[in-house]
Amino acid sequence: MAIDIQTMVNVAAYAGGGLAMGLGAIGAAIGEGHTAALANIAIARNEKASGEIFKNMLVGQAVAESASIFALVIAILLLFLDAGSPNVVKAAALFGAGLSMGFGAIGSGVGSGYPAGQACFGISRQPAASSQLTTNMLIGSAVCQTPAIFSMVVALMLIFIDFGGAPPQPAWAAMLGAGLSMGLAAIGSGYGGGLAAGASCEGIARHPRTVTNVTTIMLVGQAVAQTPSIFGLLISFILMFKSFPASTTLSAAMALLGAGLCMGFGGIGPGIGNGMAAEGAVRWVARNQEHAGELMRMMLVGQAVSQSTAIYAMVVSLVLIFVL
Amino acid sequence: MKEMGIIHQLIIPFFGHRITINLEVVLMTWIVFIILILVGLAFTRKSGIVPRPLQALGEMIVTVLYDLTEDALGKELAQTYAPMVCALFLFLLLSNWLGIIPHLDEPTKDLNTTLSLGIMGFCIAHYAGIKSKGFKAYAKEYFQPIFFMMPLNVIGELAKIVSISFRLFGNIMGGSIIILVVSHLIYSLVLPPLLYAFFGLFVGTIQAFVFTMLTVVYISVQVK
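Quick note, the sequences are listed as chains A and B, same order.
Residue numbers for the first sequence follow the numbering used here, so the first one is 1 and each next one is one higher.
Residue numbers for the second sequence follow the numbering used here, so the first one is 1001 and each next one is one higher.
Keep in mind the hints are simulated off the structure, nothing from the lab.
Treat the hints loosely; a few may be bogus.
[Said to hold, decoys possible] Here are the simulated lysine to any residue pairs, SDA-like style, with alpha carbons at most 25 Å apart: (1) B/1160 with A/265; (2) A/242 with B/1181; (3) B/1131 with A/294; (4) B/1224 with A/238; (5) B/1133 with A/212; (6) B/1160 with A/288; (7) B/1160 with A/301; (8) A/55 with A/212; (9) B/1160 with A/315; (10) A/242 with B/1011; (11) B/1136 with A/316; (12) A/242 with B/1021; (13) B/1224 with A/55; (14) B/1131 with A/293; (15) A/242 with B/1023; (16) A/242 with B/1162; (17) B/1224 with A/304; (18) A/242 with B/1017; (19) B/1131 with B/1186; (20) B/1160 with A/55; (21) B/1075 with A/55; (22) A/242 with B/1019; (23) B/1160 with B/1104.
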């Protein structure tokens, strides 16, 4: 049976859609389960606040769900959208879009479960601070979603922009690489941002007056934890929009695919590590507010060192793209 | 879907090179400038010991930003850098909010705006570092922990510009692409105002704050 080009594009779109939703369902479910677990503990400790805790749990879970809703949107687009002119690059781009969104939703889903859970637990401790806790939880989980939003943007670009003019031989690998780079690099950053946001909700419950300091350091820590996913975004933009010369050998294509894989996997660890650094700083600012400035500086220096591995990955990816 | 990725450009030939100007971005940036100047005039008009409501609002915004700078940099440096921090935050805030008005676009949606602001913050931070520590102590830091780490330390510093400017650009541009695609898919029913509220107002405010705080923090890391 000969496979014509239209069948190939359909196969790529259906496989991509399946992967987007399948992988995208992992993270949010774990995050929501974590929230529910902590809400149960919270109600057991302070059953009088159960109404407040229940409400907070539902709001937090709704935010954690958004990563997998993004995946659902991309999956539906891949399944039902008419791809336009069928060619090899389009097929690779559709499959890459699925990979980007599927992997990208994992970290943010798990991550935004942490602030929601800690906010529920915090309300049982300090029912008076419940409105501050809910606000902080919403800010923290919204920032956690940023890597998933980046993945969704890359997926939408891969779906809607017409790359038909590019020479198919290296371009198919560039499209796959773009999806992998963004999707994998988003895992660590989403999870790490969640760690920082969870610690901030715990800190506010411990000492509600420190809310300004805790929220500020949480935002800075989360922003730095997102840096690996921003490098992933950068590499996937370069892979999508740089025009590569046509080549007959496979090695040029493999260099581009390798660049995406290198940045993607290289971004996972630094994202989680930076999140852990931010978690420590944010948690202890609430207990020792006088030294907030020093804690923030120490957090940034530590994060810069932990970030250096992401920078190595970015340098190797850029070498793979521009030199080889 | 055709609007995605179309930019109106003015290309001027210049001795064999081409100078490209993104007309819409320049126009939108000027609109933000004009709004900022008008707001500033409105806040300070007829200022007195007993503040009128607008003056009180203006003083409140400036005080909050001044305190944040002072927490990170200390009293002396805050006097130098707080006006820049206030200006940066207000410019970014208005830029990110501009997109909620129909037919206007956020200037921060263009990488040129965010990258130039990022380079500005980078230069200011390193100037402050050299000024407070002296050039020798400043240069010595690049050879930590061992001398051959120097190129990677330099790349690490330059990566800060990439991360700070792409963070803002990615969030604002990503928001506008998601709004465009989702509005197109659902024929602009019900959802778009909510999306504008989330991506324009909420994410815009958070990202303006994050960009400003990171600029302050980069200065404080260089100084101490």
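Now the hints, each set against the structure:
{"no.": "1", "hint": "B/1160 with A/265", "in the structure": "20 Å, holds"}
{"no.": "2", "hint": "A/242 with B/1181", "in the structure": "23 Å, holds"}
{"no.": "3", "hint": "B/1131 with A/294", "in the structure": "21 Å, holds"}
{"no.": "4", "hint": "B/1224 with A/238", "in the structure": "36 Å, violated"}
{"no.": "5", "hint": "B/1133 with A/212", "in the structure": "30 Å, violated"}
{"no.": "6", "hint": "B/1160 with A/288", "in the structure": "29 Å, violated"}
{"no.": "7", "hint": "B/1160 with A/301", "in the structure": "13 Å, holds"}
{"no.": "8", "hint": "A/55 with A/212", "in the structure": "24 Å, holds"}
{"no.": "9", "hint": "B/1160 with A/315", "in the structure": "14 Å, holds"}
{"no.": "10", "hint": "A/242 with B/1011", "in the structure": "20 Å, holds"}
{"no.": "11", "hint": "B/1136 with A/316", "in the structure": "31 Å, violated"}
{"no.": "12", "hint": "A/242 with B/1021", "in the structure": "20 Å, holds"}
{"no.": "13", "hint": "B/1224 with A/55", "in the structure": "45 Å, violated"}
{"no.": "14", "hint": "B/1131 with A/293", "in the structure": "21 Å, holds"}
{"no.": "15", "hint": "A/242 with B/1023", "in the structure": "23 Å, holds"}
{"no.": "16", "hint": "A/242 with B/1162", "in the structure": "18 Å, holds"}
{"no.": "17", "hint": "B/1224 with A/304", "in the structure": "16 Å, holds"}
{"no.": "18", "hint": "A/242 with B/1017", "in the structure": "20 Å, holds"}
{"no.": "19", "hint": "B/1131 with B/1186", "in the structure": "56 Å, violated"}
{"no.": "20", "hint": "B/1160 with A/55", "in the structure": "40 Å, violated"}
{"no.": "21", "hint": "B/1075 with A/55", "in the structure": "43 Å, violated"}
{"no.": "22", "hint": "A/242 with B/1019", "in the structure": "20 Å, holds"}
{"no.": "23", "hint": "B/1160 with B/1104", "in the structure": "30 Å, violated"}
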